[in-house]
Amino acid sequence: MNIIEIKNLSRTYGDEVKTYALINASFSIQKGEFVAIMGPSGSGKSTLMHVLGLLDRATSGTYLFENRDVSTLNDNELAVLRNEEIGFVFQAFNLLPRTTVFKNVALPLIYARDKSEGNKRVRDILEKVNLSHRLGYLTNQISGGEKQRVAIARALINNPSVVFADEPTGNLDSKSGVQVIEILQKLNDEGHTIILVTHETETAECADRVINIVDGKIVSDKRVKSKKRVSANDLIK
Amino acid sequence: MNNIISSLELALNAFKSNKTRTALAILGVTIGISSIIIVFSAGEGIKSLLADQVESFGADVVQAEIKIPSSKKGYAGERQSAMSLLQGAQVTTMKSDDLKDILELPNVADAYGLFMTQEQITYRGEIENTIVWATSASFIDIDQAGVDEGRFFSDAENRSLAQVIVLGSGIKEKLFGDSDPIDRTIRVRNVRFRVIGVMEERGSIMTFNFDDMIYVPVRTLQKRVVGVDYFVNILAKLHNMDFVDETMEEMRGIMRENHNINPPDEIRESIFDTGKDDFRIVSMVEALEAFDQMYSTITLVLLAIVAISLIVGGVGVMNVMYVIVNERTPEIGLRKAVGAKNNDIMLQFLVESVLITLIGGVVGTVIGILISWGVTVGATSAGFSWNFAIPIEAFVTALLFSVVFGIAFGLYPARKAALMDPIEALQHNK
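Chain order of the listed sequences is A and B.
Going by the working numbering, the letters in the first sequence line up with residues 944 to 1180, in that order.
Going by the working numbering, the letters in the second sequence line up with residues 7 to 436, in that order.
Rather than coming from a laboratory, the hints here were simulated on the basis of the structure.
Among the hints, erroneous ones may be present.
Claimed, not checked - Distance condition first, Cα-Cα at most 20 Å in a straight line; then the derived SDA-like pairs of lysine to any residue:
id : chain 1 : residue 1 : chain 2 : residue 2
1  : B       : Lys347    : A       : Asp1057
2  : B       : Lys347    : A       : Tyr1080
3  : B       : Lys25     : A       : Glu1027
4  : B       : Lys282    : B       : Phe297
5  : B       : Lys25     : A       : Leu1039
6  : B       : Lys347    : A       : Gln1084
7  : B       : Lys347    : A       : Lys1170
8  : B       : Lys229    : B       : Ala168
9  : B       : Lys22     : A       : Lys1058
10 : A       : Lys1170   : A       : Asn1114
11 : A       : Lys1058   : B       : Ser12
12 : A       : Lys1058   : B       : Gln69
13 : B       : Lys347    : A       : Asn1019
14 : B       : Lys347    : A       : Leu1039
15 : A       : Lys950    : A       : Ser984
16 : B       : Lys22     : A       : Thr1043
17 : B       : Lys347    : A       : Thr1015
18 : B       : Lys22     : A       : Glu1027
19 : B       : Lys22     : A       : Gln1084
20 : B       : Lys422    : A       : Asn1019
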């Protein structure tokens, strides 16, 4: 089953002088896939992720998310989808400052329709990313690797079908980076669709499939021949 | 609901992180709201003061006072009269015939004529300048004044031009201290008067300090001291206030007839349309109403000024909200990314600005109450009958203003936050 299906998707900026950030992109991603979107900086990979993550709208082309044409959805419907079906992990973690780990993870619950067993869900998920002992810590009291694991926990709290990770290892030391990739791989094993945006080949090779994008165009879309499995002891950089 | 609670929590966190800024924003609102409370409370205080003064004069009293006739009508006429009075013109037409005729009116229970003058009085070489309040004996009943020592003069003494005097409590204190003044002799312009009583302390009423006056029979003063035969006021106590307008009209008729004044051709619509009259009839109720109206106007003007200060405070809140929204732009982006709708963001920041103005409102209310209470203590110890009361409207207005201002001045910043593009917001400051 395709969770994401795009056809001739373009995103331009500006009215008179148009800048193309994404040009005629077409591909589909199946449920349960681990896809890396790769490209140098400025290639349009972030734009692609924003459009796929329903943070931004394409200028032309069609985008079916879980077989729904997103161009027919209004802002509130997109917000509900982001809340329930999509989890984001950002390079800069984007945690709320001066707020506890627990509250950061619980943040999407504020906007969720199903808030049942919220506290239990937060605890379970923090357990999963090995952060149970940091529950009451403020986000400025924990390390970078821990921060990114908090962000992953936050992305998972509403049990989304897709997790978008935008350069999740970019601000981390290599060891913490490996931990993050390991968690993403585990999540993928559990059935979550993962879309990883990166500019590092080594990181991209931890996925099942790599989509290369250069100057807004998709230049290649290949399966990874030998997917790299990482564990906390490995170094991938 | 959950949403509001978490917004509140967030707002409090945000406040804690920048105490000075929040405190300053709150201060602006505090000043405005405490002013509202003070204006309302002062209104109650002034009303109680006026009510007390009218009470001590008697609400069922109507008075005729002298007035310089003018050729103009209405307000212009009033002004002309006042100007002539200032230039030293004197009206000498209000006489004992008027008093006698007024006393015969069916609705008039009692009345007295008043002559007032400033005289030098001497006692054992000590000289005092004082107001002489010369009336008939009915004064003590109509004004509900009391005698502390001795007695007030009688009607017979007034008729027989008896040289007797009753002292105000203040002047007695000045001249005699603790010693007994009864039967001592005081000179008023070299005419000897025998002290027969001392008045109870009465305080100031409408700028007159009744304790520093001396009281003598009006006929004695007219014939033996000043050498005139007119009054400056006639005060009449009525049986039934339901007919106050009719009685006032009757008094006007009597006095016009006695003074040979033809009524104006037009129908008079207000007490000001009495241009040619050399007197003016006013009731205490009317005076109170005039004061009340005047005070209502003042209150409105004060509230308008307060509203300006609140707007200034509100602009401060708005400014702070813009800074907060700008500072928390990445957070707004994140919230949108995890599913916050525009309305959720809007609500969050509105809750925050309303919280600022509400805290300002509560603190302002407390400060306003404290200041009003301080004013009451001050006024009471200065001898005014000033009630401490804060009407419920004050609280309602204060609360309403705080919430409305929070929403009004938080709206634009909150809207700005709500309409932010999630991606731009996420990448803010990067």
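Broken hints, by number: Numbers 2, 3, 4, 6, 7, 9, 10, 12, 15 and 18 - these are the hints that the structure violates, sorted from lowest upward.
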